[in-house]
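Given the coordinates of chain C, assemble chain B onto it according to the supplied hints.
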Amino acid sequence: MRRALLAITGLAAGTTALVVLKGAPGVGSSAQDVPTALAPVAPGGSAAPEPPSPTGSAPAVVTPSPRTSAKPTPKPSAERSAASRGGTRTSTSTAPAAPRTTTSAPKVATRTVTGPSVSYDYGSLQVRITLSGSRIVDATGIGLPLGGQSGQRSDDVQARYSGTSGEVVARQSANLSTVSGATYTSTAYQQALQAALDKA
Amino acid sequence: MTYQDTRAAGRRTGHSAPYGGHPAAPVPTGRPRRGPGGRRALAVAFWLGLVAAVVPWWLDTPAGSLADTADLLTAGGRITGLIAGYLLLVQVLMMSRLGVLERALGGERISRLHRDLGATLLVAVLAHMSLVVVGYSRQERRTVLGEVGALLTDYEDMVSAFAAAGILVAVAFTAVRAVRRRLPYELWRLLHAASYLTLLLGYAHQFSNGAQLYESGPVRTGWIAAYLLVVAALVWGRVLAPLVFNLRHRLRVADVVAESPDTVSVYLTGQRLNQIDLLGGQFFRWRFLNPGCWWQSHPFSVSAAANDRWLRITVKVVGGYTAELRDLTPGTRVWAQGPSGTFTAAHRTRERALLIAGGSGIAPLRAMLEELPPGAALIYRARTPADVLLHQELDWLAQARQTSVWYVVGRRDDPGPRQVMNPEGLRRLVPDLTRRDVYLCGPGGLVDEAVAALRAAGVPRRQIHLTAFEL
Numbered sequence: 001m002r003r004a005l006l007a008i009t010g011l012a013a014g015t016t017a018l019v020v021l022k023g024a025p026g027v028g029s030s031a032q033d034v035p036t037a038l039a040p041v042a043p044g045g046s047a048a049p050e051p052p053s054p055t056g057s058a059p060a061v062v063t064p065s066p067r068t069s070a071k072p073t074p075k076p077s078a079e080r081s082a083a084s085r086g087g088t089r090t091s092t093s094t095a096p097a098a099p100r101t102t103t104s105a106p107k108v109a110t111r112t113v114t115g116p117s118v119s120y121d122y123g124s125l126q127v128r129i130t131l132s133g134s135r136i137v138d139a140t141g142i143g144l145p146l147g148g149q150s151g152q153r154s155d156d157v158q159a160r161y162s163g164t165s166g167e168v169v170a171r172q173s174a175n176l177s178t179v180s181g182a183t184y185t186s187t188a189y190q191q192a193l194q195a196a197l198d199k200a
Numbered sequence: 001m002t003y004q005d006t007r008a009a010g011r012r013t014g015h016s017a018p019y020g021g022h023p024a025a026p027v028p029t030g031r032p033r034r035g036p037g038g039r040r041a042l043a044v045a046f047w048l049g050l051v052a053a054v055v056p057w058w059l060d061t062p063a064g065s066l067a068d069t070a071d072l073l074t075a076g077g078r079i080t081g082l083i084a085g086y087l088l089l090v091q092v093l094m095m096s097r098l099g100v101l102e103r104a105l106g107g108e109r110i111s112r113l114h115r116d117l118g119a120t121l122l123v124a125v126l127a128h129m130s131l132v133v134v135g136y137s138r139q140e141r142r143t144v145l146g147e148v149g150a151l152l153t154d155y156e157d158m159v160s161a162f163a164a165a166g167i168l169v170a171v172a173f174t175a176v177r178a179v180r181r182r183l184p185y186e187l188w189r190l191l192h193a194a195s196y197l198t199l200l201l202g203y204a205h206q207f208s209n210g211a212q213l214y215e216s217g218p219v220r221t222g223w224i225a226a227y228l229l230v231v232a233a234l235v236w237g238r239v240l241a242p243l244v245f246n247l248r249h250r251l252r253v254a255d256v257v258a259e260s261p262d263t264v265s266v267y268l269t270g271q272r273l274n275q276i277d278l279l280g281g282q283f284f285r286w287r288f289l290n291p292g293c294w295w296q297s298h299p300f301s302v303s304a305a306a307n308d309r310w311l312r313i314t315v316k317v318v319g320g321y322t323a324e325l326r327d328l329t330p331g332t333r334v335w336a337q338g339p340s341g342t343f344t345a346a347h348r349t350r351e352r353a354l355l356i357a358g359g360s361g362i363a364p365l366r367a368m369l370e371e372l373p374p375g376a377a378l379i380y381r382a383r384t385p386a387d388v389l390l391h392q393e394l395d396w397l398a399q400a401r402q403t404s405v406w407y408v409v410g411r412r413d414d415p416g417p418r419q420v421m422n423p424e425g426l427r428r429l430v431p432d433l434t435r436r437d438v439y440l441c442g443p444g445g446l447v448d449e450a451v452a453a454l455r456a457a458g459v460p461r462r463q464i465h466l467t468a469f470e471l
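Residue numbers (full-length UniProt numbering), protein chains in the order written: chain C, 1 to 200; chain B, 1 to 471.
These are calculated hints, taken from the structure and not from any lab test.
Values in this document were obtained by computation on a predicted structure and should not be read as measured data.
Fair warning: there could be bad hints in the mix.
Said to hold, decoys possible - Examples of chain B residues lying across from chain C (beta carbon under 8 Å, computed):
(1) VAL54
(2) LEU66
(3) ALA75
(4) ILE79
(5) ASP116
(6) ALA119
(7) THR120
(8) VAL123
(9) GLU140
(10) ARG141
Said to hold, decoys possible - Derived DEER-like restraints, expressed as beta-carbon distance ranges:
(11) SER119(C) to THR221(B): 29 to 37 Å
(12) LEU145(B) to ASP156(C): 24 to 32 Å
(13) LEU59(B) to ASP156(C): 27 to 35 Å
(14) TYR184(C) to LEU183(B): 51 to 59 Å
(15) SER119(C) to ARG142(B): 16 to 24 Å
(16) ALA52(B) to ALA170(C): 32 to 40 Å
Even for Gly, the Cβ is constructed at its ideal location relative to N, Cα and C.
If we strip away everything but chain C, and leave its shape as in the complex, we get (with noise of 0.2 Å):
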């Protein structure tokens, strides 16, 4: 029985070690903070409306089929790793300098800015937008979360104001209509749009 209760410690001791560890706020936000510094800028002309990587690894998620039904916990999961791995692509491109002189100068040609990741009740969610000049042609949510009823707002949000018609692009602004019944994620999208705005 002393075992036992020893165990039962070593558990306990074990997964808040773990957790702490994960969660450490000085390792924390630097690593969150690293997409909001460096703009991942993609490379002037390829103006994909499907972005490169990002969004790549959250179809990776999508494609077990039952998703649409099975829930939530793969969530966060999914829309972790599609913030680290944007968080690691960042940082191997560090050289903030070199993509705001591409920026810069072709003032022409179609760019894509992501914004800032913007954290909400449901998760965080990051806004990109494709600009042709200064005009908006396209915009997408990424990283929001899949699954369950938040998954559910997140689709209703993304439909209505993604894409190539979508609200975003139709008002050219972050003044959106609130989409009804999803009141936080309406209103985080378009603050991390605001966002990617100002960065643009």
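Below, chain B without anything else, positioned relative to chain C:
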């Protein structure tokens, strides 16, 4: 009173053993030692497995992503979930009666570990459930109960997962000693066997909802493989291996001999007995296939070293089941599982040994004596001279193998036992006590007392070997 190498006074009922009451001629046994190596390897495997179970979470979770309380709670829930899943597999594996485990760990140690790990598993499962429910409810702004409802209705496979948790809690409750004692053994066993259902019911939700197991990939494959391995081990250890053993050896009751008014020896014969890898001190789980006994199996130590003609168990009649053994008729078929146990001469760390037996606890020690090198010592505690079992054999072994045997007869508070069962008394009988391995088998009170005295006399813990008197 303390007798040395003498026959205890008093009567000895029953006739002497027909199948060689004198054991086979003492040949020096060149058995290889079985140290704690196997046990350590298994311990290492256990810890590696535990790490492997949690590593996917560690790799999947980017540093600093646990921003708020809900994230922290959910992360804790995931870790405990992975640990619980792993522990459940280990628990089932330990009960698989796999030969490797039974020989390296021994049945008693396995049941102790199973018990302790079971308590841990229960806590891990409860922690997993509560952390995930609270974590999700915070994330999704629901009440805790509302979240439970949502989990049950919106999520796949969660109903069966909750059922599995319920079964686990019920099983853990019946495993509490006080409850267990009140239940008939067979009912308790049946309830306990229901925990296999948790393996089945808890399986699906890990893959449909588990953040680490949801995506196909090496982690998911590995987890499924672990399940398959455990099930394979279960089938092998519980079904196939015993089947092979019993078809091969075809054990039957040969004779039942009264050793004392309340003790019987059951002799068994069979085929190819010389091929059984049996060490003195090990036990089998026996199932006597007659109308009264076939439905239960009980562990009894073999009370004579392996030979090619017979096996023997020596059992004190204490209850309904053991009373039935008295009435076994020769020819009854026997289904045996084993051998099991690390309570053997091969597991000693020093050359010499001291054996301390109480009452019918002599059985495994008697078998072991034949495999110990000359110079062993045996202290045999018995309440009355009539309780001294296998007396002739012990005296004969004492002579043939230069073993010192002391019969310490009397109640606990009688002068004889009081003189012996303390550090000084033990040291007086066996001066080189601390350089010997000590094997104890007997009623709990005696064993506790003897262990305390041995520890006080300076015998290191790893040199003290215990076997469960009743499993």
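Structure-based check of all given hints:
With 8 Å as the threshold, the beta carbon of VAL54(B) comes within range of chain C, its nearest partner Cβ sitting at about 7 Å, so the hint holds. For LEU66(B), the interface hint holds, since its Cβ comes within 8 Å of a Cβ in chain C; the closest pair sits about 3 Å apart. Checking ALA75(B) against chain C by beta carbon gives a least distance of about 5 Å; that is within 8 Å, so the hint holds. The criterion of a C-beta within 8 Å of any C-beta in chain C is met by ILE79(B), whose closest approach is roughly 5 Å, and the hint holds.
For ASP116(B), the suggested interface contact is upheld, since its CB lies about 4 Å from the closest CB of chain C, less than 8 Å. For ALA119(B), the interface hint holds, the least distance from its beta-carbon to any beta-carbon of chain C being 4 Å, beneath 8 Å. The interface hint given for THR120(B) holds, since its Cβ lies 4 Å from the closest Cβ of chain C, which is under the 8 Å cut-off. Checking VAL123(B) against chain C: minimum C-beta separation of about 5 Å stays under 8 Å; hint holds.
Because the closest C-beta pair between GLU140(B) and chain C is about 6 Å apart, less than 8 Å, the hint holds. A distance limit of 8 Å between C-beta atoms decides the matter here; for ARG141(B) the minimum to chain C is near 6 Å, and the interface restraint holds. At about 33 Å, the beta-carbon gap between SER119(C) and THR221(B) stays in the expected band of 29 to 37 Å. Here the CB-CB span from LEU145(B) to ASP156(C) is close to 26 Å, well matched to the stated 24 to 32 Å.
For LEU59(B) and ASP156(C), the Cβ-Cβ distance of about 32 Å falls inside the hinted range of 27 to 35 Å, so the restraint holds. Remark: the range hint 51 to 59 Å for TYR184(C) to LEU183(B) is upheld by a beta-carbon distance near 52 Å. At about 19 Å, the CB distance of SER119(C) to ARG142(B) agrees with the hint of 16 to 24 Å. At about 51 Å, the CB distance of ALA52(B) to ALA170(C) disagrees with the hint of 32 to 40 Å.
Checked against the numbered hints above, the structure breaks only hint 16 and satisfies the rest.
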